[in-house]
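Participant: Sequences and hints are given; from them, build the entire structure.
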Amino acid sequence: MGRYKIKPIRIVLAIMLLLACAVAFFCVRFSNYLAFGRSVDMPLLQEWQVYGAPSAENEWMFGLIVNSERNNWDKVEKLTKRDHHSLIGTYYHNLAMAKKGRLSQELMNYYQPLADGLLLPIRQGSRPLFVSCAGEVWYQLGGVIMAEHATMLGLAFTATQSGKRFYRRLAQIAHINGDTCAIKKYERLLGGPIDDDWKEKVPFVPKTDTIVFAGQNRMLLRNLLESNPDNIMAYEYLLCYDLLSKDIGSFIEDYVPGKVKSQLYDEALIVYLAGDGMLSNAMLEKYGISKAVFNNFRAYGDAYMMTNANKRKMKEKYGNTYWYYFNFADKDD
Amino acid sequence: MYPDYRGVTIPCNIAPLNFYYTGGKAETTFSYGDYSFSLKGRDVVIPETKWKELLDKAKGDSIKISSSLMGEWSIFVSPDSIDQYLTYRLVEPAYEVANWVEIFERKISTFDERVLASYGNTNNACMNCHIHKGENTMFYLRGRRGGAVLSSKGTLRKMTLKNDSMFSGTVYGDLHPSGRWGVFSMNVVIPSFHTQSQKRLEVYDSKSDLCIVDFDNNKLLLPPSLTRTDVLETFPCFSADGSSVYYCAADTVALPRDVKKLHYSLYKFSFDAQTGEIGESSVVWDAMERGGSVCHPKASPDGRWLLYTVADYGTFPIWHRECDLEMMNLADGTIADMSAANSEWSDTYHSWSSNSRWFVFASKRDDGQYGKPFFCHVDEQGNVSKAFVLPQQNPHHYDRMLKSYNIPDLGKNPANFNEDEIGRLHRYTDAEKFE
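Taken in order, these protein sequences are the chains called G and H.
Per this note's numbering, residue 1 is the first one in the first sequence, and the count goes up by one each step.
Per this note's numbering, residue 1 is the first one in the second sequence, and the count goes up by one each step.
Any given hint might turn out to be false.
[Unchecked claim] With a straight-line Cα cutoff of 16 Å, these simulated EDC-like cross-link-like pairs (lysine to aspartate or glutamate) come out:
hint, chain 1, residue 1, chain 2, residue 2
1, G, Lys-164, H, Asp-399
2, H, Lys-158, H, Glu-432
3, H, Lys-199, G, Glu-59
4, H, Lys-158, H, Glu-113
5, H, Lys-260, G, Asp-209
6, H, Lys-261, G, Asp-209
Please keep in mind that the hints were generated in silico from the structure rather than gathered at the bench.
Facilitator: Structure, rendered in structure tokens:
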């Protein structure tokens, strides 16, 4: 038999085919990584150095960021279907649920790192990537001053202090504020005008002026509601913020009976009524709390006594109730 | 066109006023007498040698510029030169925090820029409030191993300008012409936000007082009249001859609730440069009478003018869109017409050239977000010319700039230190104590 010689051209073609497959695999497998990199204007190699090699976790995070900025809330919901028990995952999950009108209904079914998962905090030690995400919820709520604040901080703390996703957000805010000169600057940086989806935010922008400090979330949310009582998303964020902060007093101040019906709010109302010794049929009727919820509360109380407030045992049956959260959730969780 | 340099008055020693046409390409001809040159294209980048020759010929007269796109206009070349060195901090208008802060020095007759102090060799320390006075320069390095950095008489000193009687270290201030003294404020600065988005940030002092610093004897003097708890005193500056100090003061109000009732007036007291003793204060600009709130008084070196900013209320005018520059004739108290200098955006943080013929200030005109340095000429009669922005080599520079030029400050000479020396000072030198 003669020797079989592989022609060099076939080796070259094989290598090229392998490379093409590798690139295609990368593009499909890490499409969010690529989309995020484009949005922060970073060449891939630099992005690699800054964010590390593509990983499933990073890909997932970038997917949350990219899809929320594109208002793909179905995709965000899908990405957060599995609870990663992470701050950023909860933040985007809560946002997606709020956009779909299900924030209060789903709140206790998901990991909640106290109130930080609602309004992502910016504090010393915050990851720059998280800083860059903190403005998204404020933008969606209509709180443009906080959205702009977070966007500027996010821009300042990127590796290159640049990025189209920041310019786009700043352009949207400039449009909302009517700052024509700023609009021109940011759209020039983007290479053209932006879509006009910012218009839907205009009705929710605060009309009254007051002084607030960074982190005074309750005041900011109340100010948003004052300007537009129909801002249901702000209303739900305010109530959920009160509840995740375990501030029942503020919750009762902010709660408007009948505005949004939710089992979470009913459970919280029972905490308030029980705490003030006002739990009675008349009060239950006044607040429209169902018998089923009340009976469940009684069962919770019995179990609490019987298990001697055993956290693990209470979590098994009542982990998805506000009562469990109120009694047991703490920073260490 | 951008920047708009039509009809401006420029110093005879400034870099080329490069600009670009927003509407397309053009042929642009610069001429004075029988000297002329033409440039073609959208970007008008003027060769430095040709520009210098043009300015030399046209000193005291006007250059004519004719454009195939925009017609003709002129630029007056003042025989008054301007101090050559402009110092500024580049910082994001990011509210409360900054990243990668640097202080730069730019030579105005060229495009040369160097870093005086950088985050890279100061462990990302915040640095701010740089000032010139004659041969002396001072700025602050904040944070751990920080201090007030003074370049004076050929030496660099790092100092802790705070003692146990002071509630904070020094913040805003000025150096005496002799170099021995400084007058500073101490402030507890509170940043906050307006919920109405166009107003953005509000920064106020919950406490502020003044002190005198004796650099030669490492002493801090706290006169009772300048440390009243019912008054917020701030922004002190020496008069041109150092015999007086101007400062701003307001009665305390409930903050932040009544921040819009915070109105600062301008006061003056005499200062004895031999003993450091001060006289009684008298009002120079009364906030109640005039309406508004005054900040940043700066006396011209020739002693004729006092330049300051006026906002509706408060003490941090850069975030007040309505804030404008005002210039008082110190001989008779009249206010000059500043309409050519001011804009509908904040105009503030000014600094005089040593010949009192020019001042630079930070303005947020153009885009409303990012402060840039603008220059104005002041003639013998106090007439103020149209403001123009610091020229850049790339005419598109400001389009891409996402940092503000903060506290532009003019100096006759370059700083006699560099960023490496500042880095070593930060790392290896302990701050001098003051009592």
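Participant: For every hint, state whether the structure bears it out.
Facilitator: Here is what the structure says about each hint:
Among the hinted pairs, G/Lys-164 with H/Asp-399 is consistent with the structure: their alpha-carbon atoms are about 15 Å apart, no more than 16 Å. For the hint pairing H/Lys-158 with H/Glu-432, the CA-to-CA distance comes to about 6 Å; that is within 16 Å, so the pair holds. Under the criterion of a C-alpha separation no larger than 16 Å, the hint pairing H/Lys-199 with G/Glu-59 is inconsistent with the structure, at around 38 Å. Of the supplied pair hints, the one linking H/Lys-158 and H/Glu-113 is violated, its CA atoms being roughly 24 Å apart against a limit of 16 Å.
Distance restraint check for H/Lys-260 and G/Asp-209: the Cα-Cα separation of roughly 11 Å lies within the 16 Å cut-off, and the hinted pair is therefore satisfied. This hinted pair checks out: H/Lys-261 and G/Asp-209 have alpha carbons roughly 15 Å apart, not beyond 16 Å.
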